[in-house]
Amino acid sequence: MSRKLMLVLATAAALAACKQEPAAPAPEAATPPPAAAHTFTADITEGDFAEMVNTLASDEFEGRAPGSVGEEKTAAYLEAQMKRIGLQPGNNGSYFQDVPMVETTADETATSLKLTTSAGARDLTFGTDYVIGTRTGQTEVKLDASELVFVGYGVDAPEQKWNDYAGQDWTGKTVVMFVNDPGFHGKDETLFGGDRMTYYGRWTYKFEEAARKGAAAALIVHDTPGASYGWDVVKNSWSGAQYDLPAKDDPEKRIPLQGWLSAEAAKQLFADAGLSLDEAYANAGKRGFKPVSLKAQVSAALKSSITEKTSRNVIGVLPGASKPDEAVLYMAHWDHLGKHEGEEGDNVYNGAVDNATGVAGILEIAEAFTHQDPKPARSVVFVAVTLEESGLLGSKYYVAHPTFPLDKIAGVINLDAMSVGGKSRDFVVTGKGNSELEDMLKVHADQQGRVLAEEGNPAGGYYFRSDHFNFAKAGVPALYAKGGNDLLDGGVDAGKAASEEYAKRYHQASDEVHDGWKLDGVVQDLQALYGVGKDLAVEDKWPNWYEGNPFKAARDTMMKAEPAKQ
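Per this note's numbering, residue 1 is the first one in the sequence shown, and the count goes up by one each step.
These aren't lab readings, by the way, just hints derived from the structure by calculation. Computed from a predicted structure; not experimentally measured. For glycine and all other residues, C-beta sits at the position ideal for the given N, C-alpha and C. Heads up, a few of these hints could be off.
Quick list of the computed label-pair ranges, beta carbon to beta carbon [said to hold, decoys possible]:
hint	residue 1	residue 2	range
1	375	516	35 to 41 Å
2	142	516	21 to 27 Å
3	204	94	26 to 32 Å
4	128	375	53 to 59 Å
5	105	443	45 to 51 Å
6	489	325	43 to 49 Å
7	169	342	40 to 46 Å
8	172	84	54 to 60 Å
9	119	505	37 to 43 Å
Below, simulated DSS-like cross-link-like pairs (lysine-lysine); rule was C-alpha separation at most 25 Å, straight line [unchecked claim]:
hint	residue 1	residue 2
10	303	248
11	142	114
12	267	114
13	187	432
14	518	504
15	518	442
16	375	541
Turn these sequences into a full structure, and let the hints guide you.
Encoded structure:
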């Protein structure tokens, strides 16, 4: 296990060990909207699934932003559904787990960023040229003539013999870096994961590392292939209220200012420094890269309103018949981007695919479990987490404060943005090649006449971009699988077209329920994922990570007191 991943795991352990201050009481949940004239069944069906997605993604839920009226309605609806299904309260007699959060909303009219080079001073435009924010909880953050230094991909990976930060004191400096891994843009399969993003390629890691190095600020250069999404996604995600755990609940060091530069703004910055952005990409992907001064200074001012709030994870449990102290855990995040006040046109970011589909999915699976005979031996936990869109914070908090000890959780199955393109010949396992949960999934895929496949864009690093990753970092085997690339109706071309269509709607107001959805594929996926959990909950299995996986050491250490039983 790499030193970096050991640090991440140690941080997770520290979170679990921290003595927490009592969270502020959550607001009373709103009365859920009246249910439509729909009779739910014990089976996993298109109709039941669609009913829940339509409700969660309706304008009435206002985009399900944490801390909003939309959250109150969502929490009330989820509690009502869990009660209807027959799940017990999953957190000491309550369906809710309070998650303390800090809401930071930048005043874009009072936010500025100025670059000074030999070509003169240039004021950039928020949302067009850059976005910035802070995780410090401070209402005002200023940066005055900070030296800009290009640090390649901003990676310090000892096991890869790679350190983009070597040889300098970074105090007071602003680091500029590329998204993704050193092997990506140069298509060098010998570096890191090549086209497959590692955690070092994620923007979250890059800000964390810059903070550990003591930098004053960090800016990531956006490019669509490297990030796997366009600038609009960055702009929408960094506009409006931003959420974080309070610093006291998160021991990780935080950088005062962090943000992104658009590709055009970065190209001009490098040109003003007498450098070529294309050459910088080439040089940053070579061993022996050294930090490069951009011969520029950056000044920035950020004014934000800070509000301490409480959001909620929603937890239901079906107690195990004979092993209630052991658990299988299903999860999905309920939150999305809310309502963007003042935005012209449709300003409700409904999050139908992302992630009303996942929440409806775990509820459908829960219904199947409560009606199955015999009842599962192990407990089955269903967790709808908050603050995924803000950096996987709800799941991070749950892992630090689990309702079942992590060494008693046999496996985690995450549902996020289910595929609505129809049935497929394959079943995509995001991050394929991670754990023995995939062997269990293969049994059910075989029964459906499907083959397991990796995601179509492994460069996107999707395994690190959803809530199961917090469990993985802590060592608990976690599966993230959905949909397929090769659709029964139209083949690979149709699968590609469906993916491209959703990419246009991702984190946009247009992520709504559409008439063209084909839900037979979702039912197929849910049945297979239910099968995996059913096997885990009935049989005495303790799947592990595959040999060589960086998370295996944490699981092995965790399970030493109770050896895995096969």
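Status of the hints after comparison with the structure:
Checked against the hint of 35 to 41 Å, the C-beta distance between residue 375 and residue 516 comes to roughly 39 Å, which is consistent with it. Taken as a hint, the range 21 to 27 Å is violated for the pair residue 142 and residue 516, whose Cβ atoms sit roughly 49 Å apart. Between residue 204 and residue 94 the beta carbon distance is about 30 Å. The supplied range of 26 to 32 Å therefore holds. A beta carbon spacing of about 57 Å between residue 128 and residue 375 agrees with the range 53 to 59 Å that was offered as a hint.
Checked against the hint of 45 to 51 Å, the pair residue 105 and residue 443 passes, with Cβ atoms roughly 48 Å apart. Under the hint 43 to 49 Å, the C-beta atoms of residue 489 and residue 325, about 45 Å apart, fit the expected range. Taken as a hint, the range 40 to 46 Å holds for the pair residue 169 and residue 342, whose Cβ atoms sit roughly 43 Å apart. A hinted range of 54 to 60 Å holds for the C-beta pair residue 172 and residue 84, which are about 57 Å apart.
The beta-carbon spacing between residue 119 and residue 505, approximately 39 Å, falls within the hinted interval of 37 to 43 Å. Note on residue 303 and residue 248: the hinted pairing holds, with a Cα-Cα distance of about 22 Å set against a maximum of 25 Å. Distance restraint check for residue 142 and residue 114: the Cα-Cα separation of roughly 12 Å lies within the 25 Å cut-off, and the hinted pair is therefore satisfied. As the CA atoms of residue 267 and residue 114 are separated by approximately 15 Å, the hinted pair is consistent with the 25 Å bound.
Between residue 187 and residue 432, the direct Cα distance comes to roughly 20 Å. Compliance with the 25 Å bound is thereby established for this hinted pair. A hinted pair counts as satisfied when its Cα atoms are at most 25 Å apart, and residue 518 with residue 504 qualifies at roughly 18 Å. For the hint pairing residue 518 with residue 442, the CA-to-CA distance comes to about 23 Å; that is within 25 Å, so the pair holds. Of the supplied pair hints, the one linking residue 375 and residue 541 holds, its CA atoms being roughly 17 Å apart against a limit of 25 Å.
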